[in-house]
Amino acid sequence: MKTHSRSRAVRTPGGLSLHVDLRALTVVVLLLAAAGAAGIALIGTGDAKIPAADVLRTLAGNGTAYQDFIVNELRLPRVLVGLLVGASLGLGGALFQSISRNPLGSPDVLGLSQGSTAGALVVIVLMSGSAAQVTVGALVGGLATGLAIYVLAWKQGVHGYRLVLVGIGVNAIMTAVNGYLLTKADLVDATRAVVWMTGSLGGRDWEQVWPLLGLCAVLLPLVLANARGLRMMEMGDDISNALGVRVQRVRLLLMVSAVLLTAAATAAAGPVSFVALTAPQLARRLTRSPGPNLVPSLCMGAALLVAADWASQRAFGADQLPVGVVTGVLGGAYLLWLLVAERRAGRI
Amino acid sequence: MNRLSAENVTLAYDQRVIAEELSVEIPDNSFTVIVGPNACGKSTLLRALSRMLKPHQGRVLLDGQAIQSMPAKKVARTLGLLPQSSIAPDGITVADLVGRGRYPHQGLLRQWSAEDERVVQESMRQTGVAELAERYVDELSGGQRQRVWIAMALAQQTPLLLLDEPTTYLDIQHQIDVLDLCAELHETQGRTLVAVLHDLNHAARYATHLIALRGGTVIAEGAPNDIVTAELVEEVFGLRCQVIDDPETGTPLVVPAARKVRAERATAA
Numbered sequence: 001m002k003t004h005s006r007s008r009a010v011r012t013p014g015g016l017s018l019h020v021d022l023r024a025l026t027v028v029v030l031l032l033a034a035a036g037a038a039g040i041a042l043i044g045t046g047d048a049k050i051p052a053a054d055v056l057r058t059l060a061g062n063g064t065a066y067q068d069f070i071v072n073e074l075r076l077p078r079v080l081v082g083l084l085v086g087a088s089l090g091l092g093g094a095l096f097q098s099i100s101r102n103p104l105g106s107p108d109v110l111g112l113s114q115g116s117t118a119g120a121l122v123v124i125v126l127m128s129g130s131a132a133q134v135t136v137g138a139l140v141g142g143l144a145t146g147l148a149i150y151v152l153a154w155k156q157g158v159h160g161y162r163l164v165l166v167g168i169g170v171n172a173i174m175t176a177v178n179g180y181l182l183t184k185a186d187l188v189d190a191t192r193a194v195v196w197m198t199g200s201l202g203g204r205d206w207e208q209v210w211p212l213l214g215l216c217a218v219l220l221p222l223v224l225a226n227a228r229g230l231r232m233m234e235m236g237d238d239i240s241n242a243l244g245v246r247v248q249r250v251r252l253l254l255m256v257s258a259v260l261l262t263a264a265a266t267a268a269a270g271p272v273s274f275v276a277l278t279a280p281q282l283a284r285r286l287t288r289s290p291g292p293n294l295v296p297s298l299c300m301g302a303a304l305l306v307a308a309d310w311a312s313q314r315a316f317g318a319d320q321l322p323v324g325v326v327t328g329v330l331g332g333a334y335l336l337w338l339l340v341a342e343r344r345a346g347r348i
Numbered sequence: 001m002n003r004l005s006a007e008n009v010t011l012a013y014d015q016r017v018i019a020e021e022l023s024v025e026i027p028d029n030s031f032t033v034i035v036g037p038n039a040c041g042k043s044t045l046l047r048a049l050s051r052m053l054k055p056h057q058g059r060v061l062l063d064g065q066a067i068q069s070m071p072a073k074k075v076a077r078t079l080g081l082l083p084q085s086s087i088a089p090d091g092i093t094v095a096d097l098v099g100r101g102r103y104p105h106q107g108l109l110r111q112w113s114a115e116d117e118r119v120v121q122e123s124m125r126q127t128g129v130a131e132l133a134e135r136y137v138d139e140l141s142g143g144q145r146q147r148v149w150i151a152m153a154l155a156q157q158t159p160l161l162l163l164d165e166p167t168t169y170l171d172i173q174h175q176i177d178v179l180d181l182c183a184e185l186h187e188t189q190g191r192t193l194v195a196v197l198h199d200l201n202h203a204a205r206y207a208t209h210l211i212a213l214r215g216g217t218v219i220a221e222g223a224p225n226d227i228v229t230a231e232l233v234e235e236v237f238g239l240r241c242q243v244i245d246d247p248e249t250g251t252p253l254v255v256p257a258a259r260k261v262r263a264e265r266a267t268a269a
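Residue numbers (the working numbering), protein chains in the order written: chain U, 1 to 348; chain W, 1 to 269.
Treat the hints with care, since some could be wrong.
[Stated by the list, open to error] Among the chain W residues that face chain U by a calculated CB cut under 7 Å, a handful are:
hint: 1; residue: 39
hint: 2; residue: 52
hint: 3; residue: 86
hint: 4; residue: 87
hint: 5; residue: 89
hint: 6; residue: 91
hint: 7; residue: 92
hint: 8; residue: 104
hint: 9; residue: 112
hint: 10; residue: 125
hint: 11; residue: 169
hint: 12; residue: 185
hint: 13; residue: 189
Hints in this document: simulated from the structure, not taken from any laboratory. Ideal Cβ positions, reconstructed from N, Cα and C, are used throughout, including at glycine.
Could you build all of it, start to finish, from the sequences and the hints given here?
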């Protein structure tokens, strides 16, 4: 007897049982394959083109010294940063959208990206700091904004609409702050600031890979362990409390994780727009499964960002067009489509 | 001693006190119904009994332990709650939603046991939604949806089940439908049910134990046949009425006095 058309339960005699959604699993595998393929294509793209077969051979350690330098030293870190940033934004976006029960409750709408930008601009404009200092500034800015949103939206717990509205307010303030900082900058700093603000993977190396990888390695298990509680919370606080979910604790923990993921991703690549907004929505439409779809969103974010970077390099040449522009255009178009669709469905 | 009780609780939202020094016992194996005028604190009491609201003073006891200090999942295996408003996630099927009621029985390594499957099927059968299993919850009528939510609460398999106004927004046929279902769960499965109801006649007909609240104080409690009188209704609701025998069940039936009669008595007084 089966109740779930797409899900299967895997059970062992010892009493272990796992719930497997076949469609979601397929989506995850396909997205991982797409992310991998886009990554390999991206490594092969640039002033020195390398065929995919050579890229794979070099990654396995069997390339020429020249290929080894280009692939493993120059381009692999960039792809890895892209994958990690995309994954972090996808997961962070899915967490925020699920917690706020609103597709617009994603980090770029809530002002987290603007907060990170403000942190980075303070370092660039007021302190003329180094690249590493800019990263720290962006991280601090993102975390402080996350904290501010949480405190301002707190009233016996954080709830969907209030979170979104407070976030939009914070976003407006941070945008104004950033505009002010830019007017204070001289030409060199302003150019540097604008490049950073577009969001780019250009010139990323291993120094950016390790902290991001470490953070994801810590946060991912923590988030997944609480994913079942988050699923319940989509039905409202009362009913999830009644089901034995410790709602406030799970929400705080997941919000902190989402803020950390988003802030770290933004610190590494700049405020790459709309990935956090679109990845969870696209993933949902592919899995057709209710619930936060955390892992599919993560894979979608990674695939989306690296594919966008590859597309921009392919179409406009190496490092001509920052990836943030491509994701911005795609994400903006998608957002409009989403709004029109929601209006047709009578939801707004 | 009864499994669920409130001991001298003071209930308040922020500074607004709803009830002070309120003590209530829920008799085991009863179908207890809490009635009272709007804003008398009946839903607040239910929230306190289900640990959604922490009392400012006093405590709610479940099996002799303070409910607030018990592990969340352990409480959820003993006491279920059907809140007034719940959100069905977009695109969820009936079977999936009912399955979520199994959460307190599950863990990371025990996500969907054969027992879960069996209980979900049984809960859907008992509430008459088995044939809707693969349908989307958003497509259902209000009455069907309420049955699905009750099925979810049943799948939780708790000996105690609390329902906050389960008949609100339903038409009369579906109201009776839901109440019949509650009575059946109470009679055939021996579950203890606690419901907040607006309709005094429904309460008198279905409850085995009635608690009448006004202004955060228990005015009367007991079997409907023993306590529902014209004097009590006037005291609790401020409404002149006659209480006659329900021709169908023999339980008290409250018939409000005609407008003219009430006006005359008001001028006489």
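Next item on the list: Could you tell me which of the numbered hints above are not met by this structure, giving the numbers in increasing order?
Entry: Numbers 1, 10, 11, 12 and 13, in rising order.
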